[in-house]
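J.: First to last, the sequence lines map onto chains B and X.
Sequence positions in the first sequence follow the working numbering and run 1 to 141.
Sequence positions in the second sequence follow the working numbering and run 1001 to 1142.
Simulated from the structure, these hints should not be mistaken for laboratory data.
For every residue, glycine included, the Cβ atom is placed at its ideal position computed from N, Cα and C.
You may find that some hints are simply not true.
As the list claims (entries may be wrong) - In silico DSSO-like links for lysine-lysine, alpha-carbon gap of 30 Å or less: (1) X:K1107 / B:K139; (2) X:K1106 / B:K135; (3) X:K1024 / B:K6; (4) X:K1024 / B:K135; (5) B:K139 / X:K1049; (6) B:K6 / X:K1117; (7) X:K1049 / B:K135; (8) B:K135 / X:K1117; (9) X:K1106 / B:K74; (10) X:K1077 / B:K6; (11) X:K1137 / B:K139; (12) X:K1137 / B:K10; (13) X:K1134 / B:K135; (14) X:K1077 / B:K132; (15) X:K1009 / B:K139; (16) X:K1024 / B:K74; (17) X:K1117 / B:K132; (18) X:K1077 / B:K135; (19) B:K135 / X:K1066; (20) X:K1049 / B:K10; (21) B:K132 / X:K1024; (22) X:K1107 / B:K6; (23) X:K1077 / X:K1066; (24) B:K135 / X:K1009; (25) B:K6 / X:K1064.
What the hints assert, rightly or not - Reference excerpt, derived from the structure (chain B facing chain X, CB under 10 Å, subset only): (26) A75; (27) I106; (28) S108; (29) I110; (30) I124; (31) T125; (32) V126; (33) R131; (34) K132.
Single-letter residue listing:
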Amino acid sequence: MNIYLKEFLKRGFMFSGLGPVTAAIVFFIITLFEINFQLSATQLLIAIISTYFLAFIQAGASVFNQIEHFSVPKALACHFSTLYAAYLICYLINSWIPFNITVIIIFSLIFIVTFFIIWTTVFITVRHLSRKLNKNLSKII
Amino acid sequence: MKLNVFVDKTKEEKIDIYIHEKRKIVDDIERLLSCENELLGFINGEIYKLYFSDIVLFSVENEKIKAFTNNEEFTVKERLYMIEEKMPDYFIKLNQSAIGNLRAIKKFDCSVSGTLKVTFNNGLTDFVSRRQVKAVKERLGL
């Protein structure tokens, strides 16, 4: 089996359980503010299964960034598009957003902005750390 | 470089070296002083004696432990935890499957995934896992 596929599956299965747990926490918080919030058994089942797969893909997709022969833009594009597709499908099948082009565009914009804010923050933080480490490397004898 | 040798049974046996920059002689002295810092490496069934100071990276590949020098790749029998027990202090665990030689690190970088990427002098790369970032920072005086 391809090592990257193996790593994708490994990471996916390792963290997939967090999806339904996160969904349950979100549902719990919603009930604190919206007393009439209710879910049918079918809705709950769809939410559990879809968030399980969403967490699976979210965890596994990070492997794109470690494929050595992928350029930075290609790795980012693969990571981004996989997450975007997974989130969009999950939101639509759970009816968390309506199947409406305007709403989907707004969702997409929010997703893009959030993705790049998180990525940029992490990237700048680690780059700053790597510069500090490089300065101290010469002290190692 | 000056060398002074004093035979004096009342003093502790020790060597202090003051140099302006790292030289090969330091590696040679370390080899002489620590015979236990040797490993056996295998290439196609042939056995080679390896010195820690020559090794750039230990890494797990296909469930085998590989020792990379500047030019060669050896398979070693020891498990990573066994290497950790006897490695010199200029080695550090980078992640669950890699131990790197700090002296052989060319640079740290940020990878596209936001992890700390390590590039060695021989061109090999690996990454520092989030769990090991603290240890690497401390080892490098941060």
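J.: Going by Cβ atoms only, is I124 (chain B) closer than 10 Å to chain X?
T.: 8 Å, holds
J.: Quickly compare the C-alpha distance for K135 (chain B) and K1117 (chain X) to 30 Å and report which way the hint goes.
T.: Given pair K135 (chain B), K1117 (chain X) holds - Cα atoms ~15 Å apart, limit 30 Å.
J.: Between K1049 (chain X) and K10 (chain B), does the CA-CA distance stay at or below 30 Å?
T.: 36 Å, violated
J.: Would you mind confirming whether the straight-line C-alpha gap from K1106 (chain X) to K74 (chain B) stays at or under 30 Å?
T.: 26 Å, holds
J.: Is the interface hint satisfied for A75 (chain B)? The criterion is a beta-carbon contact with chain X at less than 10 Å.
T.: 5 Å, holds
J.: Would you check whether T125 (chain B) satisfies its interface hint, that is, whether its CB is within less than 10 Å of any CB in chain X?
T.: Hint on T125 (chain B): holds, closest Cβ of chain X at ~8 Å, below 10 Å.
J.: Please verify whether K135 (chain B) and K1066 (chain X) have alpha carbons no more than 30 Å apart.
T.: Cα-Cα ~29 Å, so holds.
J.: Mind checking the alpha carbons of K1107 (chain X) and K6 (chain B) for me, to see if they're no more than 30 Å apart?
T.: Between K1107 (chain X) and K6 (chain B) the Cα gap is close to 29 Å, so the pair holds against 30 Å.
J.: For the pair supplied as a hint, K1077 (chain X) and K132 (chain B), confirm whether the alpha-carbon distance does not exceed 30 Å.
T.: 36 Å, violated
J.: Do the alpha carbons of K1077 (chain X) and K6 (chain B) lie within 30 Å of each other, as the hint requires?
T.: This hinted pair holds, its Cα atoms lying about 25 Å apart.
J.: So if I understand the rule, the pair passes when the alpha-carbon distance is 30 Å or less; does K139 (chain B) with K1049 (chain X) pass?
T.: 29 Å, holds
J.: Measure nothing beyond the straight line between the CA atoms of K1106 (chain X) and K135 (chain B); if it is 30 Å or shorter, mark the hint as holding.
T.: Holds, at roughly 11 Å.
In this structure, the hints that do not hold are numbers 3, 7, 14, 15, 16, 18, 20, 24, 27, 28, 29, in rising order.
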